[in-house]
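What follows is the residue order along each chain.
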Amino acid sequence: MKVVLYAVRAARGQKALISIDWETDRKYWNDRASEIVRLREEIPLGEGERMCRMLEEEWASETRSPAGKGLKEESGDRERAWRGAEEKQFVHGGWAERLVYHARSAGYAGEMERIKLREGAAAEPRLLEAAGRAAARLAGRSLLREEAQQLLDAELPGSSGVSAFAALQLAALLGAVQLTAAVAPDAVAAPASAGLRGWAERALRRARLLRGRGAGGRAQVLRCRRCGSADKLRRTDCAACGRQACAYCEACLTMGRSRECELLVIGLPTAGAALSVPVPAEAPLLPTRRQTATAPFPTSIPTASPAPVIRTASVPSHSKNIRQHLIKRWGLSPAQSDAAAQALAFLEAPRASKGRSFLLWAVTGAGKTEMIFPLLDSVLSRGGRALVATPRRDVVLELAPRLAKAFPDRNIAVLYGGSPDRWREGELTLATTHQLLRFQGAFDLVLIDELDAFPYHNDPMLHYAAAKCGKPDGRTVYLSATPPAALQREASRGRLAYARVPVRYHRYPLPVPARLKLPSVYQVLAKQTIPQRLLQPIRRSVDRGAQVFLFVPYVKQVEPMVRLLRNQAKNLGLPGNAIAGTSSPDEERGEKVVAFRDRTIQLLVTTTILERGVTIPRSDVFILDAHNSLFDAASLVQMAGRAGRSGDDPFGVVYYGAPEWTRSQRNSIRQIRTMNAAARRKGYLKAD
Amino acid sequence: MRLNVGSWFASTKRECPICGRDASQGASAAAAVPIPIRHPAPKRALASLCGLCRQAIPWIVHPVCRVCGRAESCEDCIRRTQRSYAISRCAVRYTDAMKDWLALYKYRGNEGVETILAAMLAFALERLQAATSQASFPIITAVPLAPERLRERGFNQAERLACRLSEWYGMAYRPLLHRLRHTEKQSLKTRRSRVVDMRGNFAAVSAALFSGNIILLDDVYTTGSTLDECARVLRQASEPHAESRIYGLLWARS
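In the order they appear, the protein sequences are chains A and B.
For the first sequence, the working numbering assigns the number 50 to the initial residue and increments by one for each residue that follows.
For the second sequence, the working numbering assigns the number 2 to the initial residue and increments by one for each residue that follows.
No lab work stands behind these hints, which were simulated from the structure alone.
Misleading hints may appear alongside valid ones.
What the hints assert, rightly or not - Examples of chain B residues toward chain A, derived with CB under 10 Å:
no., residue
1, L105
2, R109
3, G110
4, N111
5, E112
6, G113
7, P148
8, L151
9, E153
10, N157
11, R161
Idealized CB from N, CA, C, for every residue including glycine.
Kindly generate the complete structure, drawing on both the sequences and the hints.
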């Protein structure tokens, strides 16, 4: 989109601004500024922002040094001398001509228009009210223009005659929302103000500024402000702003297109409350918007706005009491409540000594979900906002009713692609990971489930999103059965606070995988015979009435394996149709999992797609080709964690079938043994 | 930061521009699917697809309808008595997979897909050349977009694709048409209202007096009403005695 670039001058200085709704700005500045000038033509949003920044920098350096002083040193070649002279003329000719100068050097016509100040332009209470409501609704969100418009169209009744843009622009002027380009250069750090270093830095910046202008802009790294990626931008012709190299971000394209001329609306947290009271006439003349916009993000979330008053919780202070309270109120096991108590202490500590993150390392089947309830309760009861983010949509849908039951009087927003709650304001938000991109600085507690699972795994965008959606002073809790190596290291070095839950809720140890020396799946399929060494243990599992997970590394091996097993169905003591296979491209996966749950399917051949989430009470696990590099230690632990989930059958068996014995296999077994040992040491295991 | 020497030697991963999966995996399977295009540039573009995506392209290799290039017999072309364009050719059938591909480009705005779609159009262009036994066409133009829609989307897909083709096949791209009215999306309308609504939607660019054969490009052919109306306007604007024919070139035929 295109915006109006304008500058205002008042008693305390001058300011360059962009506007998406010019009339609003004109009215706003009418009785606040002594002079207003604007560029007659509208310019692309990104360009406008860039020019604003350059103007601000120049004006700032001018106030530091007397006019024209710095120019002498730089009059090297002819072009620069000419430019210096031109600049000098502007310095003396007037503050506003700079606007024209920058517009012309960027290739625009650069016609300036002086705006006449009118007498007694009435302030519009309706617009102010709309801006207040817009700011309240947008608080903590980070939305593209279209999304913000949708949200505001629902919020602002059509009859009031206030457009969404006008409301947004006024809210921005009052410092309650930030309007920026969705893809923008990395902000340059503000120069050091004093001393030799400050002088040198200023000189360098100035030199770069001058050189940069000739080449048509400084060489800066562009970055998507919504998802933080800088390496997946593509520049194309843009009909919306008319630029030939308008960059858009391909990393977060599924959430709408973020581009250089696209508006990103960032609602500052809790700004709505400040706006709901009528703004007095001596409202801050020069709002903080530009400052916040130029600060490096993701720390650009302004810290100035007051955090909501968090009441001290009425949780019993003594740690033993907390434990008792947790066991009683939430039905947690001793191991669960110990870990939850540690997490609670971390959340309620006034100043985090070990950073703002906490790792809750709970084995598979430990009952992670139950443990998050007391954490959420603690934050919600103190009036904070909490978020639970989980990688998969089906987990969101499964968790939503449980949360609703646990917190019946709380407002819960459930977000996923195409969810009806899209714009709902919740004290508690449950979302898939991608939805986090639409928030910024919104939550006091961010709970991230399975951060080593597929979408987070190796995706810096989602890590960025998870980092920015929390408030600056908010806390983040990671939940995982298999934390990534980096986090494990941080935890063991004491840089990350953490708690371990080494035992399952039923208080039996984790099944330790047994080794089964087998030929590779490739060979098995080539020979079309299943080795007896594999058939017999499967038969034993079937005979004891357990259901069997059979994991293979590749999708293409699933169907041939199923066929091969069906040929052997009689030897396994199973009807042929009780053997099935599923994988990621399978459209009937949902139905097959349901059939597996209600025991219509007894043996399911699958890939890592089912390594998490599916819980079968009485089940055994066979991992074929456990040496394959697709199965790392974490996914082996997860797959092994499918066995023995229920208290009725806690000793399910797990086999690693492979021709070789690899480091990931050894690693995974060591992890499982360590957890079992820790559980025994702490006396969590059921005495038997 | 751990030093991973292995990564210095690992072959670079190629991502399939459509599905984002690793395209170098299963390269042998992909090689088994031939690319039915002669020109090397679009051929190369399509070779960057992964095997699965390459298999998913429903090429119209043998058009049954000699007029519109549909893969099955076509009632519309039999029924229609007056036609402003000579013939048209389409690259693929408009299957669900192709709908997704087009949506990826048109609505989601993934302009990385552009090259692939243009390369697919090269197939239709080569079919058109064969059907008309002409080696080249001097001018290519595209169905325009209404200004509002253009601003909203950021690009005109037909124009972009036409520009790509013009570079490959040495044709001149000329914007010859304006869109006057902003109609609702074609895909939301019935057949009858499509034909009626289309009247008066387009106008020729004022200075456009032209002759010779023109290729008119659009993304999807459903009833042919857009194509026919554009061709009619172009014929009216062309020099009265010049022998000018207008050929349709479409990415998909529904």
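Less than 10 Å between beta-carbons is the criterion; does G110(B) satisfy it with respect to chain A?
4 Å, holds
Hint validation: E112(B) versus chain A, beta carbon distance must be below 10 Å. Holds or violated?
Interface hint status for E112(B): holds (5 Å vs cutoff 10 Å).
Holds or violated: is there a CB of chain A closer than 10 Å to the CB of N111(B)?
Holds - the Cβ of N111(B) comes within 10 Å of chain A, reaching about 6 Å at its closest.
With chain A as the partner, please determine if R161(B) meets the hint condition of a C-beta pair closer than 10 Å.
8 Å, holds
Under 10 Å is the threshold here; is the Cβ of P148(B) close enough to any Cβ of chain A for the hint to stand?
9 Å, holds
Please check whether G113(B) passes as an interface residue: C-beta within 10 Å of a C-beta belonging to chain A.
Given a least distance of 6 Å, the restraint on G113(B) holds.
Is the hint on R109(B) kept, meaning its closest Cβ partner in chain A is under 10 Å away?
Hint holds; R109(B) Cβ to chain A Cβ min 6 Å, cut 10 Å.
At a threshold of 10 Å, is the proposed contact between E153(B) and chain A supported by beta-carbon distances?
7 Å, holds
If you take the shortest Cβ to Cβ gap from L105(B) to chain A, is it below 10 Å?
Hint on L105(B): holds, closest Cβ of chain A at ~9 Å, below 10 Å.
Proposed interface contact between N157(B) and chain A, which counts if any beta carbon pair is under 10 Å
7 Å, holds
Agreement of hint L151(B) with chain A interface, Cβ distance less than 10 Å
It holds, given that the least Cβ distance between L151(B) and chain A is near 5 Å, below 10 Å.
Figure legend: structure checked against the earlier numbered hints; every hint is met.
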